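Protein chains in written order, with the numbering used here: chain W, 1 to 654; chain S, 655 to 888; chain A, 889 to 985; chain E, 986 to 1082.
What the hints contain is simulated information worked out from the structure, not anything from laboratory work. There is no bait here: all hints are sound.
So, partial list: chain E residues that the calculated Cβ filter (under 8 Å) puts toward chain A: (1) M986; (2) D992; (3) L1011; (4) H1016; (5) G1018; (6) V1019; (7) S1021; (8) V1022; (9) R1023; (10) Q1024; (11) G1025; (12) H1027; (13) D1029; (14) D1033; (15) L1048.
Source: prediction; values computed, not measured. A virtual CB, placed ideally from N, CA and C, is assigned to each residue, including glycine.
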Amino acid sequence: MTAPEPGALHHPDAAELLDITDPVGAVELVEPPAGPGPIDTVERAEGSPDEEQPYRELGLKDDEYARIREILGRRPTAAELAMYSVMWSEHCSYKSSKVHLRYFGETTTEAMKAQMLAGIGENAGVVDIGNGYAVTFKVESHNHPSFVEPYQGAATGVGGIVRDILAMGARPVAVMDQLRFGPADAPDSQRVVPGIVAGVAGYGNSLGLPNIGGEVVFDPSYAGNPLVNAACIGVLRSADMYTAHASGAGNQVVLYGSRTGLDGIGGVSVLASDTFSGDAHAGGGSNARRKLPSVQVGDPFAEKVLIEATLEVFAAGLVVGIQDLGGAGLSCATSELAAAGDGGMRIDLDAVPLRADIMSAAEILSSESQERMCAVVPPENVEAFLAVCRKWEIEAAVIGEVTEGGRLVITHHGQTVVDVPPRTVAHEGPVYERPVARPDSQDALIADTTAGLARPSSPDELRELLLTMIASPNLCSRAWVTDQYDRYVRGNTVLAQPADAGIIRISEALGDSPATTLLDGPERGIAMATDCNSRYTMLDPYTGAQLALAEAYRNVVTTGAVPTAVTNCLNFGNPEDPSVMWQLSQAIHGLADGCAELGIPVTGGNVSLYNQTAGTNILPTPVVGVLGIIDDVRRRTIPGIGHDDGETLLLLGD
Amino acid sequence: MTRFGVITFPGTLDDIDAARAVEYAGATPVPLWHADADLKDVDAVVVPGGFSYGDYLRAGAIAAQAPVLRSVVDRARAGMPVLGICNGFQVLCEAGLLPGALLRNAGLRFLCRDQWLRVENTTSTWTTRYEPGAEILVPMKNAEGRFVADEAVLDELEGEGRVLFRYVGDGPTQGNPNGSLRDIAGICSADGRIAGLMPHPEHAIDPLTGPTDDGLGLVYSAVDALAQTVGATR
Amino acid sequence: MARVAVDVVIKSEILDPQGKAITAALARTGHPGVTSVRQGKHFDLEVDGTVSDADLEEIAGTLLANPVIETWTVTRLDPAPSAVAAGSAEAEPEAAL
Amino acid sequence: MARVAVDVVIKSEILDPQGKAITAALARTGHPGVTSVRQGKHFDLEVDGTVSDADLEEIAGTLLANPVIETWTVTRLDPAPSAVAAGSAEAEPEAAL
Ligand SMILES: Nc1ncnc2c1ncn2[C@@H]1O[C@H](COP(=O)(O)OP(=O)(O)O)[C@@H](O)[C@H]1O
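Given the sequences, and given the hints that come with them, work out the whole structure.
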């Protein structure tokens, strides 16, 4: 790359300029000195069609890069390249799974949709639960970051899913976590397990979200690639549902929450780094910059105030829509908001409050700094919106507005660095029809049954076996984990560990006065359970996914709740391996067919691929979450036996 | 009706629980905002749990500097009852209203569990509803709940009957959960009006959502005490 | 702008479970020569000319440290940083902070 | 026995939420002259003669600090402590720790 942007640290004093400690409260930003090179503007891109661009390093294939040039009618600018590459990544575009995920839609009947207010495609599915209430819920993965930095990876995973739920206009009321680790006695587990559990705890507890359930499973296939799935449930009045969209020309775009820093932009640094290797002037600063860790540090306190402020602006009717910033940061938020709206959008990056002195447009757009949200606010409400932010001591800045016409136009230092049709970024990414093949080894795997295992033949051996089993990591008490999670906070947890499903009372969770619920009328609640046995799924992905669904369904039923909707988090290995694609497509079909059979819809989900270590894929792990409704939480079934004398134990089913 | 102020700092979590406990006990909760020095004519104040200002630096340290707390300190010194729960206890210690400090749990982890406590003093403003020696079961959940003070202070607290609650029961799931000196879970001021404890009585007001309703006794006790003094002054 | 370091440690008579855990971990991982570790906090402050030494003492003693349990030292780092050995493969020099 | 201080700070490009909160609190309580605070960890080690500087680097880089997000400095404090100003009404001298 030959056209560094001014933010790109080729300035002789780069090391000094890297002084990016965090001057909170220092609102005005120092204009970075213009470096020797020009900004890679749209105009410049038009004039330099042959400039080489590091698209392969950014994960784009040759034909994808060609497609971007075709869409734009020119080469993309560095900032556009950053946007497309991240939005067209597997994680954001679902390019490998999309063709299979369609099956969920195809199998969802009108009857199943009856209670669905929002489904697949929104930030999170929303289900009407009666009495004027609705519930939104979703599971998301944060697997790879949690291996690199277990505490922060897990913490920011919780933070991300909570913002997803918040963006729907819902108050987050509970979290759950589904964890998969390598063998409990593997050396690296001592780093990974405590760090991840403490991270889930540290973030969720600080937000005041009770943890009402989850899973902990150990298996060698997760060594080197632990799974950290986090779920969040939110409650809203059905009339108050919001979807994230930017409509109405003239409406203002407000970025609020934490400042934007150099977090999680490791990949994008290739846009700047090539020119500087060996640059004697750049010194340590340049080195530090080029080695940016792709780690983000969570600030749960910032998220807690962000939640309260966001609910306050929703309640006051000040916004058109709000989008959370997660992976892909502003690239994602701006393109998705604009794509979902009725016009275009203009964004001025100079207005974005930064945490680093110098950031290129590509870096600002790609930053994954946590605890940020983007709101679309009618001009007459901007002052009131900013006042709410001030009350909660949250920084906020108007960074652009909704425009007529269909373009997303982004300027930096007064020059246009992005000018794209937003849908092409957000929704028109590549779709792959990857090869799918049942592996030849599958038959041998299935043939290798438990028949050959030794059976206990005496009472002593039976006793020994039982003791071994209940002491094994996969069956022993989960208290070491669950004791680190606050299950009481906010006082609406009706069931949590050791119950098979968690239950939350919802009237008070939404802040309705306790006085109204002191009356002895029925109090509505929601139940949720998540499950997955990945060893079953390995043997038969279709049936395995159905078993996960059935288990979560039963776990909801046994609390006394009526299962109502389904979400999932599909954790699989390398999609370039046809047998992994077979597992994925089988699991999706199994889950969808199972849901059709049970008559409850899949309202959303998440796909995490490339979960592999040194060529070994993880066991296929389609975590399934079932949400249920209970009319009166006082009538929930408490787990265990022996609460009352004379109880009768019955076995149902076969 | 007796008015209990319930403070919300940025990062406070258990304020609605505290308010609910106040309502359950038949009194009126009054929200107080950290940045507002006005105590709105309340008769008592509850400083609830959570992670005020993220508990960054030290638990409770930043909240102890808030305008509302300056007012609480003044009124408390003049005799207003104050209860600090968990983070609220940490705040009261940081603000100098109660002696000692709360440090990282000896086990170095956040710990959430149902905890047995013995009520050691049933004459304070907040504990008259309990029988002497009563044992109560309430949730406990914190990462920095290890009570420490120097020996002289501990002796003074014991000597003056200012240890309100002590962790009891046998391990590993009961007993002292965090290494608190002398198993102390909660203490009070010399006049018994200012109290603080790490476990959460406000989460034990209804067996539907907590292990028991043992926690309501604290609010009822204060309501009783205030009924006398408020009745006398109004 | 001047740089100031404030180091806060828990008083020696108070149990420091983190320090103990680290000492034990070091012994296990082949460093028995480390006979004691105490963990405290380190603050890097940037202050302008209006902040006197007396201000710094007050800031340290009322906010950064809790005198009931902690002691502290305040060190002005400019002009000459006092560290005699600094290192980390990836670290920029401390002065770049 | 020698005394060693290890100071661990979060890399400058990574968010330090604690430092952020403290800076804001100082501004609110009348200390706007403190323009930035970064919070890290401070370790006081006691080591015997078997512990070399290379050992200390390893200890700092593998156990005391997390190289993914933190940098550190190792300072041998003996014979002369490097603090230029130390103080606290109640504090015993740092060397007593
Ligand atoms: N990671 C976790 N987070 C929160 N709760 C968990 C987690 N793992 C297990 N639990 C809870 O602990 C209890 C026991 O879990 P588990 O042994 O997996 O139950 P079961 O075998 O009955 O499905 C359940 O209530 C479950 O929700």
